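Asker: Sequence:
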Amino acid sequence: MKLILLIGLLLCSLVLNAQEEKDHPLFPAFEGASIYQYEETSFEPYQLVTGLVNSAYNSSKNKKAEGRIFRIFYTMPTDKASVYEVFTNFKKALQNSQAKTIFSCYGDECGDISLFWKELEPARFQIPVYYGERFAYHAASFSKGGKAYYVAMVFGYGLGEQGYEIHVVEAEEMEQKVDLNTLESTLNEKGMISIYGITFDTGSAKIKPESDDVLQEIASYLKANPSVNIYVVGHTDDVGTVASNLTLSQNRAAAVVKKLTSVFGVNSTQLESSGVGPYAPVSNNISEEGRAKNRRVELVKRLK
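The sequence shown maps to residues -18 to -1, 1 to 286 in mature numbering (1 follows the signal peptide of the UniProt record, and there is no 0).
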């Protein structure tokens, strides 16, 4: 099996020759594939299929995204690799890079192929419908460099021809700016503030280094206001068991308190940690956007 070095989700180097300039920088072409059609749009809506498509499938189930979109259709000789091989390589590379699979299927796993093609129409795939003789689809999401990415791929063979098409949606992630004025005004007005700038490794209470700027602002506020006491409350999405999410949220809140006191010099008497797991969502847990909003740390002003 030919392994592709996917994504600069791991490491990404920009390609130099004229042909490769059309490849998306995070998705180099599979060996032997050549670009047949290329399109790049500045900003538009997009839909990804999220499950097996049959007569019961409703288009409302499609995952909606928007952003800058790259559509690249590749053709390749049938003796270079099979549809399944190309599909499996991209799928594994994405999974190894910790991308979240939205939906993945090969052959009958996709459902009714004719109905599947209809669901793909809003996404404007250029790959020929007759390529459905052997067919695969993979959709995933991931984050890199301050952006949220969605990728949808169709792999197919038909009438002796073979190819695949990749669509990459680049959507800017929401950046939360936390400063002393924001903290003070929000805590005084609402008694709490949701913090999204404190991030952790997946399934872990280890705080990522990029959280330090936000933690520094929180520390500066608390040291400037020694009479203010705060509950640090961890929240999770609803993926996994309730017990594991409760433990994770408690450990994350405790990790924040520990770092604020041991690294940033906040008086420990001002802080108390707790975790409520998935019990207090601010959005649905069906979509990735909703789950991302639910994964947060909240600062809650306490009386004593």
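Just so you know, these hints were derived from the structure itself, not from any lab.
One or more hints might be untrue.
To be verified - Calculated pairs, BS3-like style, for lysine-lysine (alpha carbon to alpha carbon, straight line, at most 25 Å):
1. K126 with K205
2. K129 with K188
3. K82 with K188
4. K43 with K4
5. K190 with K126
6. K286 with K205
7. K82 with K62
8. K4 with K73
9. K45 with K62
10. K188 with K275
11. K74 with K129
12. K275 with K46
13. K43 with K82
14. K100 with K129
15. K188 with K126
16. K205 with K275
17. K241 with K190
Computed from a predicted structure; not experimentally measured.
Asker: For every hint, state whether the structure bears it out.
Answerer: Going through the hints against the structure:
no.: 1; hint: K126 with K205; result: 33 Å, violated
no.: 2; hint: K129 with K188; result: 22 Å, holds
no.: 3; hint: K82 with K188; result: 20 Å, holds
no.: 4; hint: K43 with K4; result: 32 Å, violated
no.: 5; hint: K190 with K126; result: 14 Å, holds
no.: 6; hint: K286 with K205; result: 16 Å, holds
no.: 7; hint: K82 with K62; result: 28 Å, violated
no.: 8; hint: K4 with K73; result: 21 Å, holds
no.: 9; hint: K45 with K62; result: 33 Å, violated
no.: 10; hint: K188 with K275; result: 19 Å, holds
no.: 11; hint: K74 with K129; result: 22 Å, holds
no.: 12; hint: K275 with K46; result: 16 Å, holds
no.: 13; hint: K43 with K82; result: 17 Å, holds
no.: 14; hint: K100 with K129; result: 29 Å, violated
no.: 15; hint: K188 with K126; result: 19 Å, holds
no.: 16; hint: K205 with K275; result: 28 Å, violated
no.: 17; hint: K241 with K190; result: 11 Å, holds
Hint violations for this structure: numbers 1, 4, 7, 9, 14, 16, all remaining hints satisfied.
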